[in-house]
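Novice: Chain by chain, the residues:
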Amino acid sequence: MDFDLTEEQQLLADSVAKFLDKNYSFATRQEIIASRGGYSPLAWEGLAGVGLLGAAIPDAYGGFGGGGVETSLVMEAFGRHLVVEPYLATAVMAARLIATAGTDEQKKYLLPSIADGSMRFACGFHEPGSRYDLGHVETTARQENGMWVLNGVKSVVMHGAVSDLLIVSARTSGKPGDPDGISLFFVNPGEEGVAGREYPTYDGNRAAELIMLNVTITPESLIGNVDKGLPLVELTADRAMAALCAEAVGCMDALNQATLEYLKTRQQFGVPIGRFQVLQHRMVDMLMHHEQAKSMALLAAVKVDSEDAVERRRAVSAAKELIGRSGRFIGQQAVQLHGGMGMTHELAVGHYVKRLAAIDTSFGDSDHQLDQFAAAESARPVERTQFEKPRSKWKQIA
Amino acid sequence: MDLNYTPDEIAFRDEARAFVRAHLPPEIARKVIEHKRLGKADYVTWQQILHRKGWVAPHWPVEFGGTGWNPVQRHLFEEECAAAGAPPLIAFGLYMVGPVIIAFGDAAQKQRFLPRILASEDWWCQGYSEPGSGSDLASLKTRAERRGDHYVVNGQKTWTTLAQYADMMFCLVRTSSEGKKQEGISFLLIDMKSPGVTVRPIITLDGEHEVNEVWFEDVEVPVENLVGQEGRGWTYAKFLLSHERTNIAGVSRSKRELAYLKHVASKEHAGGRPLIENPRFRDKIARVEIDLMALEITDLRVLAADRQGKAPGPEASILKIKGTEIQQALTELMMEAVGPYALPDLPDAWGDHWLGEYVGPEYAAPLAARYFNYRKVSIYGGSNEIQRNIISQQILGL
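In order, the protein sequences belong to chains A and B. So the first sequence is numbered by this note's numbering: it starts at 1 and just counts up by one. So the second sequence is numbered by this note's numbering: it starts at 399 and just counts up by one.
Just to be clear, a hint being listed does not mean it is correct.
Heads up, simulated EDC-like pairs for lysine to aspartate or glutamate below, C-alpha to C-alpha not over 16 Å straight-line [what the hints assert, rightly or not]:
| # | chain 1 | residue 1 | chain 2 | residue 2 |
| --- | --- | --- | --- | --- |
| 1 | B | Lys682 | A | Asp371 |
| 2 | B | Lys591 | B | Asp565 |
| 3 | B | Lys434 | B | Glu606 |
| 4 | A | Lys108 | A | Glu220 |
| 5 | B | Lys653 | A | Glu377 |
| 6 | B | Lys682 | A | Asp367 |
| 7 | B | Lys682 | A | Glu220 |
Not close to chain A: a few residues of chain B, all C-beta gaps over 12 Å, as computed [to be verified]:
| # | residue |
| --- | --- |
| 8 | Asn402 |
| 9 | Tyr403 |
| 10 | His457 |
| 11 | Ala501 |
| 12 | Leu512 |
| 13 | Lys579 |
| 14 | Pro599 |
| 15 | Gly605 |
| 16 | Ile674 |
| 17 | Ala702 |
| 18 | Leu741 |
| 19 | Asn771 |
| 20 | Ile789 |
Treat the hints as calculated values from the structure; they're not laboratory data. Don't be surprised by glycine CBs; every beta carbon is placed ideally from N, CA and C.
Put together the whole structure using the sequences plus the hints.
Specialist: What follows is the structure, encoded as structure tokens:
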């Protein structure tokens, strides 16, 4: 048991912190949000330059060779700086999915392009009728003249309009809700029949509704095996959730720091408001939520790379459930303790609160995660017999 | 970053497990697991079994009878004990006064008291709280006046746990009313058989006799029973509190209780199905389980810092608050699980040698009493509000 980072991991954490301190201030971030594309090509280039886009890409393809822990180090720092770049979909979800399930050709062509910053990805796993159910896929892909033809709608695709390549789930057999019959495809957003409607999300990001109408793509666009895509979608979502947990922890850290600072400096009734016990205890509760969230983000970062899918799901869902709760508590209390100032758009506080709310919604909120966790629990062998020992002697006589 | 134990640690755990399984008397384990009433003999029997193995005081220095285990080994041992249903070690001698005598006692005190603590020949109790001194402990009034080679003690202690069994009390007494209130306190070891000591039971919500009032009327205590220096008792008391933290989170016990809760919820039925499958109840269990997973990691993080020689700090307060919240939630859910059969109040039914008929399932009998009893855990050992004050001052600097 060891909670220490390796030397390489420490270097990674240091370099991301240094890069963001220098290049991603809150003011810069607000400018990026207001810009036309809603992301920063300059920052993206910089992230590639310091090697962060390849953090989770195997060495052989120009990356750092990291996994869940490395990703979480980057994401926690992103949380502190409220980064709005399409890092999660590109460098975590797409990169790791391709490394896990891609053909040699796909890996050779796509992974170095992610690492060097020349390609951005977006992942469309959800649909208007699916809510958080990854298995509810109505989008269809049928084979026609040796090509795949896709039809359907993907909802709230983060950064969907600014990506160079989309990854979408589509049904190749069965009906919506069937675990089998889902396949994964690369779709070029410039392909004929792909239409998108972009919109801003309340946390400063951009998303899109994607409509695919008779989109015809090559057989090489398939990722993994036909009809067997759901486990890959779930694995990718789990990796994204573990990363989001780390990002949330970074947001909570920033919020707690800002709130503590405010309690120490804001004067009312002739004293700093942090002198009031009711506020002290509230701040302590915020700290405890943050500590518990840190523990769970760490558990998720380690277990997301577990071979055992049930163990992985159990840890990730548990982490996201708890972090949804703690993020809501910390966010609401940070605004409350900042008083009227917490309500203003000019202070960073509210922006962290919004990001935490958005993270809760991404890939399923606390209620959804509780369901997932309970399902994973009942799939686990439980040793219940330890309580069914034979009665002791005097009891048998009685 | 590695959440797994090393092969050496696993080998140690296996050794501890084998010993505990082979030597813990099953009738004692059964009482612990099923929340039956434990008597003095149950505690002493287990402590003497551990003493014969040399494992009763792992945290003591080796020269005084400790094992030389590191914090991880101690943690693993405690886990094995808790999982098997071993009774908790009575803290007053082994965890409280023992370390104080080792650190501040003179040679004669060490020779006289330590071997008897290890052998469970003396049962110790704690004389801290008074009717007027609860959370404000330093305001205590019990007086000790020096007369020749004796102190004469007058006053009253309260909430004295299991004083009805005690041979000795370590007691905070006021030897001076000059200066700061903390400075006039001394640490005295009092023989409970001394003339003038009266122990009166206090019956708590659960109908049980666990705590007492202890009265002192001109009780003569030889001066050689003063630990350290007169007027330095507060310092020793604080030292003691920092050592009381061992297993303060109670994670392993809570894990056992959680498994028992699931056992009860699988036996109980609601609407013709096992209660554990009722979504509302299942969610409550799942949420406690997630909180417990987080606390386990938080506990291990503190432990890892401990192993690196970082002094036990205010993090212990986080463990105490979260640990007791979870313990209380578990007792609450267990009582809830048995529904109306929590109501019968038959205290003999959870005692030794009950040959009567149970009303409802046997496991239901002690659950209400246990729920009421466990309201104490957020009050004792520094109430959870006092713990929040500690975190606020020592971690947050408010």
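Novice: It remains to establish, for every hint, whether it holds in the given structure.
Specialist: Now the hints, each set against the structure:
1. B/Lys682 <-> A/Asp371: holds (11 Å)
2. B/Lys591 <-> B/Asp565: At roughly 7 Å apart (the allowed maximum being 16 Å), B/Asp565 and B/Lys591 satisfy the hint.
3. B/Lys434 <-> B/Glu606: holds (12 Å)
4. A/Lys108 <-> A/Glu220: Holds, at about 13 Å.
5. B/Lys653 <-> A/Glu377: Given pair B/Lys653, A/Glu377 holds - Cα atoms ~14 Å apart, limit 16 Å.
6. B/Lys682 <-> A/Asp367: Holds, at roughly 11 Å.
7. B/Lys682 <-> A/Glu220: Measuring from Cα to Cα gives roughly 47 Å; hence the hint is violated.
8. Asn402: At about 7 Å from chain A, B/Asn402 fails to clear the 12 Å cut-off, so the statement is violated.
9. Tyr403: violated (5 Å)
10. His457: holds (19 Å)
11. Ala501: holds (29 Å)
12. Leu512: holds (32 Å)
13. Lys579: Holds, since 21 Å exceeds 12 Å.
14. Pro599: holds (28 Å)
15. Gly605: holds (23 Å)
16. Ile674: violated (9 Å)
17. Ala702: violated (5 Å)
18. Leu741: B/Leu741 clear of chain A: closest Cβ-Cβ about 23 Å, beyond 12 Å.
19. Asn771: holds (21 Å)
20. Ile789: Since the minimum Cβ distance to chain A is about 5 Å, B/Ile789 lies within 12 Å and the statement is violated.
The structure is inconsistent with the numbered hints 7, 8, 9, 16, 17, 20, although it conforms to all the rest.
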